[in-house]
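From first to last, the protein sequence lines stand for chains E and C.
Everything in the first sequence is counted per our numbering, starting at 1 for the first residue and increasing by one.
Everything in the second sequence is counted per our numbering, starting at 1001 for the first residue and increasing by one.
Because the hints were derived from the structure by calculation, they are not lab data.
Every residue gets a Cβ at the ideal spot worked out from N, C-alpha and C, and that includes glycine.
One or more hints might be untrue.
As the list claims (entries may be wrong) - DEER-style ranges, computed between Cβ atoms:
id, chain 1, residue 1, chain 2, residue 2, range
1, E, 204, C, 1045, 17 to 27 Å
2, C, 1010, E, 190, 44 to 54 Å
3, C, 1026, E, 158, 14 to 24 Å
4, C, 1027, E, 489, 25 to 35 Å
5, E, 54, C, 1007, 24 to 34 Å
6, C, 1069, E, 182, 26 to 36 Å
7, C, 1026, E, 127, 43 to 53 Å
8, E, 254, C, 1027, 40 to 50 Å
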Amino acid sequence: METINKHKNHITAISFGLLLIGFLASIMGSGEISDLALIIATILASIPIFVKAYQALRMKAFSIDLLVSIAVLGAVYLQDYTESSVVTFLFLFGDYLEARTLEKTRSSLKELVDMAPQEATVIRGGEAVIIPVEAVVAGDQVIVRSGGKVPVDGRILSGQAALNEAAITGESIPATKRADDRVFSSTMVDNGYIEIIAEKVGNDTTFAKIIELVEEAQESKTKTEKFLDKFSSIYTPAIVILSILVYVITRDLRLAITFLVIACPGALVIGAPVSSVAGIGNGAKNGVLVKGGEIIDTFSKVDMIIFDKTGTLTKGKPEVTAIKTFTKRSENELLGLVARAETISEHHLGQTIVKEALARRLHVPLNSAPVMGEVVKGSGILATINGHTLAVGNRRLMDSNHIPLSQEAAEYAEGQEKAGNTAIFAAVDGELEGIISIADQIREDAHAALKAMRNSGIKKMIMLTGDNRHTAELVARKLGLDDYFAELTPEDKANYVKKQKEAGHVVAMAGDGINDAPAIAVADIGLAMGEGGTDVAMETADIVLMADKLMQMSHAYSLSKATMRNMKQNTTLAVLTVVVLLIGVLIGSVHLAAGMFIHEASVLLVILNAMRLIRFNNRRTKESRKVPVIHPYEI
Amino acid sequence: MTKAVFQLEPLTCPSCIKKIETTLNKTTGVESTRVLFNTSKVKIEFDEVQVKASKIEETIKKLGYPVLSSKVS
């Protein structure tokens, strides 16, 4: 039986040749040769169909092959060899074309799977050895050279390299990574050399999880698909019963077997799923993970997007934007002092100051004797450095330590805050010496992405943030948002989303997936942005944007609309085909071969239509890569 | 409970799914079967004591679907 399957394509080709011979002979007036050729063609092409029908029957499964088999036997009984040979040929040829085109709609995922690494170079017993990727265990030291693939998720131990992370993020511009940076399995070293410590291997890597998630997503069904499944499960038996009735009443075997052939629901069953498979595949290739057909359906109906500010509309990486000094101490001198004090702080603002000092190559001893000092929760820090007492923090800290603010300083601080900064006051020995401004930059592609989404049909865009009112207002104004709410807790955000849903909006919530988790969970669609996709984000959100780019959100939105459009086109085409076939058969203008032809053609049409989705919107995503980089100090 | 994934040749008819799923689920020792149509994979959970992975592979082949590769974990 396996050999028959293997030679199915040959059988199809030979039966096509025999069909040609049969027709030519009939034109030249040789009826006997024609019949002979067509009979052989019928028998040959029937074999694989009969085998499949038998296999299914043995498992008590009611298959399409069985219907076609009965129809062919009927045609042979009527001695209509033209019909029988054309039907069997078309059925086999259609099957071949379907397999080829279906493969194309599934190609996005296959391309992704093919990026999986096969082997790894690890250090075992002091020597570098090449082993299959399955044999790598967590804790192994792995070497990756230029052109090589990172085989595991891990951390760079030493070395530096430009990594192409397209497999994870869909972004093919290489990113430079050095010691202590995280690297992901299946990313490629463009140039450079790195040694990494394996942290996650095999099925635990981010890449393996992406593949698993996309595979599962492609299987999940939309409401349309479920409906069509049900419809076709009624349609097929109904037509079969109808064909028996037709035979019993009219005694017209020809009409009855024609019914059997059109009973295959073909395009109806495959039309909607191919669209969502192609859509989800397109997303995966562009770094957008959509968790199923149902999600695409809902997302396409979203009319309100609620954004978290930090890490979603902004980069989530605060930077020092300005340092103002009020005494003769220089900028760098003050920064160096403050940074040493801030080494005791775990607050992200404190760490930003330390990072800035290191970036300016100032001497900040990180591992020497601990700095004497204390952290004042919600205010700042107090510390003693080189015999000086330092107070670094907000206004409240200055007040409680009786440090006077000059009018100049107060005005400067307010101005900085209105420009979107957090002002940090630095006092040395009881006197205010300077103000350090820290700000989180708006994402470079935010403006373009929001505009694109508005054009695609988002009616309202709202920002929710835990940050202060000044900063929130500034970001909202710069991006042209419809509304904003500041100083919110995670619960407030979730409640707001709930309220909007009750008001009749279809709401998408976009956040970083960690502290916005409650709001993401209550929204109709939860979008998570996370560099490299954190595990939490991949679990809670409905859609994960792997490259951490807002432009991907816009792509996902238009993709979901295009996919739903495509699905509707396919469903319409499928239903129309059924109607046309039924009417055609009833008025007697569609016969066996023509029926089979229309049926196969409709199946191919819906697959070809879905294939358009694979290439959808590539142009626009590429444009977003050209967005100029704004230097943090220019704003 | 053992898990296995079988990679088949590209599946073209959605009705194949039912055929494979019902047959395998009737096999003793098989806990659950899922056929992924779009990736042409069979995901199966079974009791290694009652049924061997090779036996399951044989069953799938007999149904008319050649197994390209298998992964037992």
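**Q.** Hints violated by the structure (listed by number, smallest first)
**A.** Result: hints 2, 3, 4 break, sorted rising.
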